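> One-letter residues, chain by chain:
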Amino acid sequence: MTMNIAALALLDGLAYASLLFLVAVGLTLIFGVLGILNVAHGSLYAIGAYATATLGQWLVAQGFNPWLTFPGMIVAAVAVGVLLGGLIERLLLQRIYSKDPVLQLLVTFAVFMILENLQRMIWGVQPYFMSTPLTVLGNVRLLGINYTAYQVLFLPAAALVVLFTLRYFLRHTNMGAQILAVTEDREAATAIGINASRVYFMTFVIGACFAALGGALATPTTSLVTGMGANMIVLSFAVAATAGLGQIEGAAISALIIGIARSFAVYLSPEIEVIMPYLIMVLVLLVRPNGLFGKETVRKI
Amino acid sequence: MKKGLVAFALLLALALLPFAASNMVVFATMVMAKGLAVLGILVLLRADQVSFGHAMFFAAGAYTAAFLTAAWRDIDLILLLVATLAVTGIAGLLIGVFVTRYRGIFFGMINLAFSMVLYSILEKAFHITGGSDGLRIRRPTLLGFEFSRSEFDLVMFYVVLAVAAACCVLVGRYLLSPLGQALRAVKTNETRVEYLGLSAKSVLLTGYVISAMLCGLGGVLMGLVQGLASPEHAFWSRSAELVFIAVLGGQGHIAGAFAGTLVFEWVRTSAAALLDDSWQLILGVTLIAIILWAPGGLIQLWHRLAGRRTSSDRTGSESGVAE
Amino acid sequence: MSGHDQGQPLLQAEGLKLRFGGIIAADGINLSLFPGEHLAIIGPNGAGKTTFLNICTGYLKPNAGRVSVGGQEITGRPPRRITRMGVARAFQIPQLFTEQTVLENMLLAGSIRERRWNLLRRLDGIPGRAEMEHLLDLVGCADVRNRLASELPEGKRKLVDIALALALKPKVLLMDEPTSGVASADKFGVMETLMNALREAHVSSVFVEHDMEMVKLYATRVAVWAQGIIQMTGEPEVVLNDPDVIRNVIGN
Numbered sequence: 001m002t003m004n005i006a007a008l009a010l011l012d013g014l015a016y017a018s019l020l021f022l023v024a025v026g027l028t029l030i031f032g033v034l035g036i037l038n039v040a041h042g043s044l045y046a047i048g049a050y051a052t053a054t055l056g057q058w059l060v061a062q063g064f065n066p067w068l069t070f071p072g073m074i075v076a077a078v079a080v081g082v083l084l085g086g087l088i089e090r091l092l093l094q095r096i097y098s099k100d101p102v103l104q105l106l107v108t109f110a111v112f113m114i115l116e117n118l119q120r121m122i123w124g125v126q127p128y129f130m131s132t133p134l135t136v137l138g139n140v141r142l143l144g145i146n147y148t149a150y151q152v153l154f155l156p157a158a159a160l161v162v163l164f165t166l167r168y169f170l171r172h173t174n175m176g177a178q179i180l181a182v183t184e185d186r187e188a189a190t191a192i193g194i195n196a197s198r199v200y201f202m203t204f205v206i207g208a209c210f211a212a213l214g215g216a217l218a219t220p221t222t223s224l225v226t227g228m229g230a231n232m233i234v235l236s237f238a239v240a241a242t243a244g245l246g247q248i249e250g251a252a253i254s255a256l257i258i259g260i261a262r263s264f265a266v267y268l269s270p271e272i273e274v275i276m277p278y279l280i281m282v283l284v285l286l287v288r289p290n291g292l293f294g295k296e297t298v299r300k301i
Numbered sequence: 001m002k003k004g005l006v007a008f009a010l011l012l013a014l015a016l017l018p019f020a021a022s023n024m025v026v027f028a029t030m031v032m033a034k035g036l037a038v039l040g041i042l043v044l045l046r047a048d049q050v051s052f053g054h055a056m057f058f059a060a061g062a063y064t065a066a067f068l069t070a071a072w073r074d075i076d077l078i079l080l081l082v083a084t085l086a087v088t089g090i091a092g093l094l095i096g097v098f099v100t101r102y103r104g105i106f107f108g109m110i111n112l113a114f115s116m117v118l119y120s121i122l123e124k125a126f127h128i129t130g131g132s133d134g135l136r137i138r139r140p141t142l143l144g145f146e147f148s149r150s151e152f153d154l155v156m157f158y159v160v161l162a163v164a165a166a167c168c169v170l171v172g173r174y175l176l177s178p179l180g181q182a183l184r185a186v187k188t189n190e191t192r193v194e195y196l197g198l199s200a201k202s203v204l205l206t207g208y209v210i211s212a213m214l215c216g217l218g219g220v221l222m223g224l225v226q227g228l229a230s231p232e233h234a235f236w237s238r239s240a241e242l243v244f245i246a247v248l249g250g251q252g253h254i255a256g257a258f259a260g261t262l263v264f265e266w267v268r269t270s271a272a273a274l275l276d277d278s279w280q281l282i283l284g285v286t287l288i289a290i291i292l293w294a295p296g297g298l299i300q301l302w303h304r305l306a307g308r309r310t311s312s313d314r315t316g317s318e319s320g321v322a323e
Numbered sequence: 001m002s003g004h005d006q007g008q009p010l011l012q013a014e015g016l017k018l019r020f021g022g023i024i025a026a027d028g029i030n031l032s033l034f035p036g037e038h039l040a041i042i043g044p045n046g047a048g049k050t051t052f053l054n055i056c057t058g059y060l061k062p063n064a065g066r067v068s069v070g071g072q073e074i075t076g077r078p079p080r081r082i083t084r085m086g087v088a089r090a091f092q093i094p095q096l097f098t099e100q101t102v103l104e105n106m107l108l109a110g111s112i113r114e115r116r117w118n119l120l121r122r123l124d125g126i127p128g129r130a131e132m133e134h135l136l137d138l139v140g141c142a143d144v145r146n147r148l149a150s151e152l153p154e155g156k157r158k159l160v161d162i163a164l165a166l167a168l169k170p171k172v173l174l175m176d177e178p179t180s181g182v183a184s185a186d187k188f189g190v191m192e193t194l195m196n197a198l199r200e201a202h203v204s205s206v207f208v209e210h211d212m213e214m215v216k217l218y219a220t221r222v223a224v225w226a227q228g229i230i231q232m233t234g235e236p237e238v239v240l241n242d243p244d245v246i247r248n249v250i251g252n
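Residue numbers (full-length UniProt numbering), protein chains in the order written: chain G, 1 to 301; chain Z, 1 to 323; chain F, 1 to 252.
For reference, chain G alone in the conformation it holds in the complex (with noise of 0.2 angstroms):
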């Protein structure tokens, strides 16, 4: 292996972990508020994927300005999210928060099963492709090789940008700390006047635009097809489960590691490419049950 692979595994990786971390943070945002693992995330992130990419195509089809498809992207994000994530948490999640995980579990998994019909309904079975943010950023060069500046620069650094605005979001405005202190502890967040249900409701919203975002974010790199939400929805809660499901800043690491893992792997033996991420959870799992960064939880008898 040389030096020029190994940077050039790094580099494809990091802007791979940056999507990932995008998906999996909301993932995990959801989790650590509403206990409830929401198995559509997967869909919520292709979806948001091929709005992207429609809108992306219209723009350039109608002559507008191609840097227009940035806040296109994002528009198209924050859509689906608060879209579809608000109709889910309104019209189902609402009804099942007192009921069994194992049947919250089943529900999201429904929901799954209808927003992957819906796509394929929409979008149909044809590969998609929106590349234009891609070209216009163009080429920079880094550790001595060429790359584009989307993937090296700007997919990590929206990375971050969320990563602190999510920080900055939950620590010091008054949202927030309804959100940190519903995830503390619920019944005593409800006693001092929170309103649990918005809070709810708000996370959820926050998190299936993190999903849709990660969607957004990833089509100018990538082929969409059908299927797309299946695999990130293992892959997101892989990278979840690494950091310990809840745990936020966790989930930069974990994306960090799998993500770079993986295209080390794609260079030096592609057969296990895509057992990486699961072997490196399991690996984990087996040495810490509950993630890197996650805490054991002991019922008081």
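Take the hints with a grain of salt, since some may be wrong.
Heads up, simulated DSS-like pairs for lysine-lysine below, C-alpha to C-alpha not over 30 angstroms straight-line [unchecked claim]:
hint, chain 1, residue 1, chain 2, residue 2
1, F, K61, G, K300
2, F, K216, F, K17
3, Z, K201, G, K99
4, G, K300, F, K187
5, Z, K2, G, K295
6, G, K300, Z, K201
7, Z, K201, F, K169
Anything over 12 angstroms on all C-beta distances counts as not near chain F; from chain Z, calculated [claimed, not checked]:
hint, residue
8, K2
9, L17
10, F126
11, L161
12, A185
13, R192
14, G197
15, G227
16, W293
17, A306
Per label pair, the in silico range of CB-to-CB distance [unchecked claim]:
hint, chain 1, residue 1, chain 2, residue 2, range
18, F, E200, G, E296, 38 to 44 angstroms
19, F, E154, G, Y97, 23 to 29 angstroms
20, Z, R136, F, L120, 55 to 61 angstroms
These aren't lab readings, by the way, just hints derived from the structure by calculation.
Nothing here was measured: the structure is a model prediction, and the numbers come from that model.
Quick reminder that beta carbons are idealized off the backbone N, C-alpha and C, glycines included.
Given the coordinates of chain G, assemble chains Z and F onto it according to the supplied hints.
Below, chains Z and F alone, put in the same frame as chain G:
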């Protein structure tokens, strides 16, 4: 006793099916084969655990048949079944040792991860697995006899019927045995299980291995009927289907597994042309409807309609046709 | 196990320390249980008495110190292994299998004790059935044996919880406020039956208790737990009449 009689009558009626409606034979065979896999899901549901990856054992069963019939021309069906039980039993043990450390969300998702790994291996390693086209499964012999295509369908019907009946009785016994009852104890109070001196993990592992073998049997039989093992068998949507049917049929009822499969496959085959594009959509909506409004599934619906909410619904100490 | 030496404690804790965040639950606990004893642990609420039971049974790991059963160290072993060594536990909040009947609860305990795992033999046909029914009779729960555990009133649940522990035929039984939740008119009757059963079966016991009347009647020795240490141990009449104990523990 009454239940035993009903079960016997049902078995007899099924055995006569080929004479009454010969065009239904293959369909009935497939329903029963798939029902076996659903039975596997049901065992884990007893402990309130849902696996989103059990199609991997289904696929393992089908591929076992594909590899063995390719390697030995005149291999016997009985041997295939035994080999499948061994392969899926060992695979269930190895994967189970890891996944039974977890419950709920982790249990479901890690199973899903394992099945996606298997799926991508089956799809990518086409020198060995035939890639996305899958592998053909040759017709095996049974007790040394060779059969033509049409004879073989009939043979398979009776084989699957016998296997399914045997599994119903055995699984019914298992669920009523101490270890089977312990599954439910793990569901309601794992701490106490440990404080009685029993490892909850090994209770679950036993159930996991049994459920893996049931899915394997379902897979090998389905593969033999269809003559094909394909990576599609391991895909997540297959696992989801199995879970869906188990919930549809009614958690914890052996009869529910087969009733659920029958309804499911019947709707799918009769409405395939109409619904093909929206199949998953319909499944998803139905699943939500069942969870929100009919959590007991078909079996409870049946009991309610028949106006006989028996005490077994409440204590659950009996489990379907096995008695 | 080498439990024949009368001088050897059945259960022994040495130098146990455990803290949760800022709270010190145990700060060097030394306590032993000898054969034939019924040791009551008293002390203010939240002093760490339940924590002691949790450490002895392996549910929590101490930061320091060791626990041994019959001279064999068991610190850090999981509850099921400690249970198999003859240390059973009853809980303050009853821990039952709520979706099964009372009898099924007991039969499970019985088959776990006998380690009979024939996958084809029905639970309700196990050989120990008569014994389990007898135990239910003993704790006065024979009338509810076919009810679901979740349907029982609190008092009965508590008794079934104790019966589950007794079903294991333990050498030592650890109980956490055995009669809390039992209707006050029945308390002494229940405790009387329970202690008779323990004496008859030669089971030694440790019980956490807030009712001093109960302690006076049934404990052979009392340990006072406060501020994470054992303040005093001794005969009930001596300990319960100690001025410090009266002021700090009984007084409120």
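> If you check each hint against the structure, which ones fail?
5, 12, 13, 14 and 20
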